[in-house]
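Protein chains in written order, with our numbering: chain F, 1 to 247; chain D, 1 to 290; chain B, 1 to 246.
Derived from the structure by calculation, the hints contain no laboratory data. Ideal Cβ placement from N, Cα and C applies to all residues, glycine included. One should not assume that every hint holds.
[Unchecked claim] With a straight-line Cα cutoff of 25 Å, these simulated PhoX-like cross-link-like pairs (lysine-lysine) come out:
1. K87(B) with K99(F)
2. K124(F) with K17(D)
3. K129(D) with K99(F)
4. K80(F) with K129(D)
5. K276(D) with K254(D)
6. K87(B) with K106(F)
7. K9(D) with K17(F)
[Unchecked claim] Just a few of them, taken from the derived set where beta-carbon distance is under 7 Å, the chain D residues facing chain F:
8. Q239
9. K240
10. G241
11. V265
[Said to hold, decoys possible] Cβ-Cβ distance ranges computed for the label pairs, FRET-style:
12. S33(B) with L28(D): 54 to 64 Å
13. D165(B) with P165(D): 52 to 62 Å
14. N74(F) with R208(D): 44 to 54 Å
15. E269(D) with Q20(B): 33 to 43 Å
16. K166(D) with G180(B): 53 to 63 Å
17. E36(F) with D74(D): 43 to 53 Å
18. E269(D) with L238(B): 31 to 41 Å
19. V100(B) with K88(F): 30 to 40 Å
Here is what each chain is made of, one letter per residue.
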Amino acid sequence: MYAPQIKSVRPLQQSDKPSKFIGDDGKRIDGRSLDEFRSVFMRTGMVKQAKGSAYIELNNTKVICSAYGPRQTNNEFSDKGMLNCDFKIASFASKQRRKKTRDEDKEFSIYMRDALEISVNLDKFPKSVVDVYALVLEDDGSALAAAIMCGSLALADAGIELYDLVGACSAIKVDSHIVIDPSSTEQKYGVGAITCAHMSNLNEITQLTEAGDVEYSTMVEFVNMCVDGCRKMSDKMRQTLATEHLK
Amino acid sequence: MIKISPSEKQFLIDGIKQNMRTDGRSRLDYRAFTVETGLVAQTNGSARVKLANNTDVLVGVKVEIGDPDPDFPDQGRLEVRVECSPSASPEFEGRGAEEMNAILSAMLRNMLQNARTVDWASLCISPGKQCWIVYVDCLVLDSAGNLFDALSIATKSALFNTKVPKIEVMETSSGQTEIEVSDDPSDFTRLSTASIPISVTLAKVGSRYIVDPTIEEELCMESRVTIAINSKGNICSIQKGGVSSGINPSEFNKMLQHARKIGLVLLKELDALLDKEENNDTSTKIGFAR
Amino acid sequence: MSKIEFISPEGLRVDGRRPQEVRKINYRLNLFSRADGSAYYEQGNTRVLAAVYGPRQVTRRGASKHDRAIINCEYSMATFSTGERRKSAKRDRRSTEISVVIRQTFESVILTHLYPRTQIDIFMQVLQADGGTRCACINAASLALIDAGIPMRDFVVSCAAGMIDGVALTDLNYIEDSAGGPDLPLAILPKQNKICLLQMDSKLTIEQYEEVMQMAVEGCKQIHAVLDAKLKDVTDQLVNKRKTLL
């Protein structure tokens with residue numbers, strides 16, 4: 001059984017902007033290099049009641065996700081199955097208590113569904129629906145990317161037929177450098193927040209959202225870095241699934 | 001909800017393969033659009049955009065004084081809200097439009113909210129206490145496909161048309177700030193709208209992609225990419241949607257390039273239209289009763 | 001404290017109208033491609049849109065009636081339609097109430113028995129509110145239904161009347177409406193001379209009530225004259241277009 005270790009929580013940063021995001025040694029505030037992920041922890045089968053579930057930690061970003069179904073829909077007949085995603089950020093997830101912002105949750109739910117639905121073999125369960133619920137327990141940047149990966153793991157854990165696992169990765173530009181897997185501080189002051197979901201075996205981008213004014217060349221670099229990041233993450237996801245299910 | 005038969009779908013897909021779409025366009029042709037500004041009297045700025053006569057959106061901008069975002073105390077605030085009216089489709093009745101509203105408003109919010117599109121700092125009145133809140137309220141009245149681009153064009157036009165009343169900030173003896181809004185309607189400032197982007201939507205159909213999809217083409221598309229371009233040719237936001245296929249990264253780069261080219265042309269066209277609108281005197285406006 | 005002078009010594013109202021005068025009316029039919037019928041209607045500064053779908057398959061299971069069509073109405077105000085920005089556009093109490101009132105009005109007018117097991121939708125959207133949105137919506141809906149070719153017993157026209165400082169006034173605008181006097185929205189079937197909607201929730205003497213009522217009826221008749229004249233023009237144009245085609 002998984003027993004979470006009680007860690008001493010890193011003191012939260014001051015609200016004002018740090019003077020430099022990238023130090024002279026080319027390292028970021030938390031000591032990472034530009035294309036380095038935070039320490040990643042993945043686990044499946046956390047929620048015994050659900051058909052499948054997963055938990056992901058990108059250091060302080062923590063997401064738990066469970067998948068249910070396939071179950072019958074009440075909607076009209078469809079020869080394809082449906083995927084229903086629900087993304088929620090807990091009110092205690094960020095520095096300031098989060099007020100109800102249904103709009104953002106709704107938006108991210110749609111992004112998450114778009115990212116995952118392409119990877120699911122929907123022809124296998126006509127007239128039915130699979131539900132994926134993601135809850136962000138703590139948000140220190142890149143929550144959507146974490147939720148997408150968590151959702152993909154939960155679907156795999158539930159035994160839903162998938163074409164591929166979906167890796168996801170966020171990037172942002174701070175101090176004219178592109179950094180991958182941004183923390184919440186970097187996310188707040190950076191430019192051009194991009195989140196990309198990618199299936200590495202099929203080499204297909206399943207979801208991509210970006211906000212912020214960047215040049216075309218930067219955009220291309222963004223996409224390339226994110227795709228590389230997604231590859232790394234999906235390898236990690238594969239390993240996790242292999243070790244957990246061969247235990 | 002509009003539905004098409006499998007054979008009609010095949011017809012559309014085959015046409016796209018041969019670079020001939022049902023309305024006579026080639027894959028990368030854009031439909032004509034019209035812009036009219038200053039239609040709604042109770043707003044600070046408004047615009048109605050019609051794309052190919054049948055996609056019809058109305059954007060009203062209201063500016064009000066309120067509290068700034070605690071994360072960015074020295075900037076104005078933006079609130080975007082899109083409402084799909086059931087006149088565009090009966091399925092938008094009641095809560096039926098929620099998902100569509102969410103995607104559309106997210107796209108516009110992402111497009112506008114980054115620091116360089118509007119000078120948000122100029123909308124700050126007293127840091128941490130009061131700022132202008134710019135409410136961008138969009139109404140989708142009729143749809144013939146590609147609501148994304150129509151809304152982005154309308155939003156840029158409405159913000160271009162927006163008049164922010166001049167204000168005077170005074171310190172009272174008790175240290176409180178008091179704001180006096182000018183009564184004179186000719187006493188206003190404009191927003192800096194030159195770098196506001198507009199979006200270009202590309203739809204992937206089969207192995208090809210098309211620009212500015214009609215509503216029927218939207219039903220055959222495998223995925224949609226909406227890319228916002230500003231006058232410098234920079235990319236201001238991207239939103240991918242659609243659920244039946246992914247996009248290869250190299251193909252994605254090609255789409256970006258095309259979107260950029262088309263976006264710059266559209267922006268020029270829009271700027272010319274807006275200049276004309278600005279110099280138009282109000283008596284020639286026809287509005288809805290046309 | 002200065003009170004607004006609603007009636008000038010010359011007997012004119014705040015916007016220069018005489019007491020029995022309705023505001024300028026303009027409208028247009030068939031402006032949306034997806035709806036079966038649609039209308040844009042303006043009365044002074046009040047501007048509304050209406051779209052009609054149907055008769056079509058009933059969307060809500062179990063709501064279908066075996067002997068007649070059901071009418072479904074939705075009234076909503078755009079967030080930018082009022083002076084202060086409205087928080088939500090849909091589903092507040094007032095909108096629901098107006099939706100119900102308008103539905104009941106049209107249930108009695110549309111020949112629903114001709115379309116059993118179907119549904120007719122009327123969607124109304126207020127773009128600019130300057131008093132009398134309820135009546136404007138009824139007029140717009142009536143025009144949109146005509147545009148959709150749905151059979152009705154008669155044209156429905158609606159107009160409100162009120163009383164300020166003892167003077168009965170027709171077609172109140174926002175300023176007059178917020179004066180707090182009685183407000184009496186009325187919808188009539190002008191040819192049959194029947195009332196299909198009448199609302200009032202304040203205290204009036206019988207004499208005053210009759211005066212206000214008379215004012216509202218006069219307003220309705222004025223509006224009907226304007227709508228009917230233009231509608232005949234529009235129909236003539238359609239007929240001519242058809243002739244040139246044949």
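The hints, checked one at a time:
1. K87(B) with K99(F): Status holds; Cα separation ~17 Å.
2. K124(F) with K17(D): Between K124(F) and K17(D) the Cα gap is close to 29 Å, so the pair fails against 25 Å, i.e. violated.
3. K129(D) with K99(F): Cα-Cα ~20 Å, so holds.
4. K80(F) with K129(D): Given that 25 Å is the threshold and the Cα spacing comes to 53 Å, the pair is violated.
5. K276(D) with K254(D): violated, 34 Å
6. K87(B) with K106(F): holds, 19 Å
7. K9(D) with K17(F): Outside the cut-off at roughly 53 Å; violated.
8. Q239: Holds: closest Cβ of chain F sits about 5 Å from Q239(D), inside 7 Å.
9. K240: Hint on K240(D): holds, closest Cβ of chain F at ~5 Å, below 7 Å.
10. G241: Nearest chain F Cβ about 6 Å off; hint holds.
11. V265: Nearest chain F Cβ about 16 Å off; hint violated.
12. S33(B) with L28(D): 54 to 64 Å: violated, 24 Å
13. D165(B) with P165(D): 52 to 62 Å: violated, 34 Å
14. N74(F) with R208(D): 44 to 54 Å: violated, 36 Å
15. E269(D) with Q20(B): 33 to 43 Å: Because 50 Å falls outside the window, the suggested range is violated.
16. K166(D) with G180(B): 53 to 63 Å: Between K166(D) and G180(B), where Cβ atoms are some 34 Å apart, the hint is violated.
17. E36(F) with D74(D): 43 to 53 Å: Given range 43 to 53 Å: violated, Cβ gap about 32 Å.
18. E269(D) with L238(B): 31 to 41 Å: holds, 34 Å
19. V100(B) with K88(F): 30 to 40 Å: holds, 35 Å
The structure shown violates the earlier hints numbered 2, 4, 5, 7, 11, 12, 13, 14, 15, 16 and 17.
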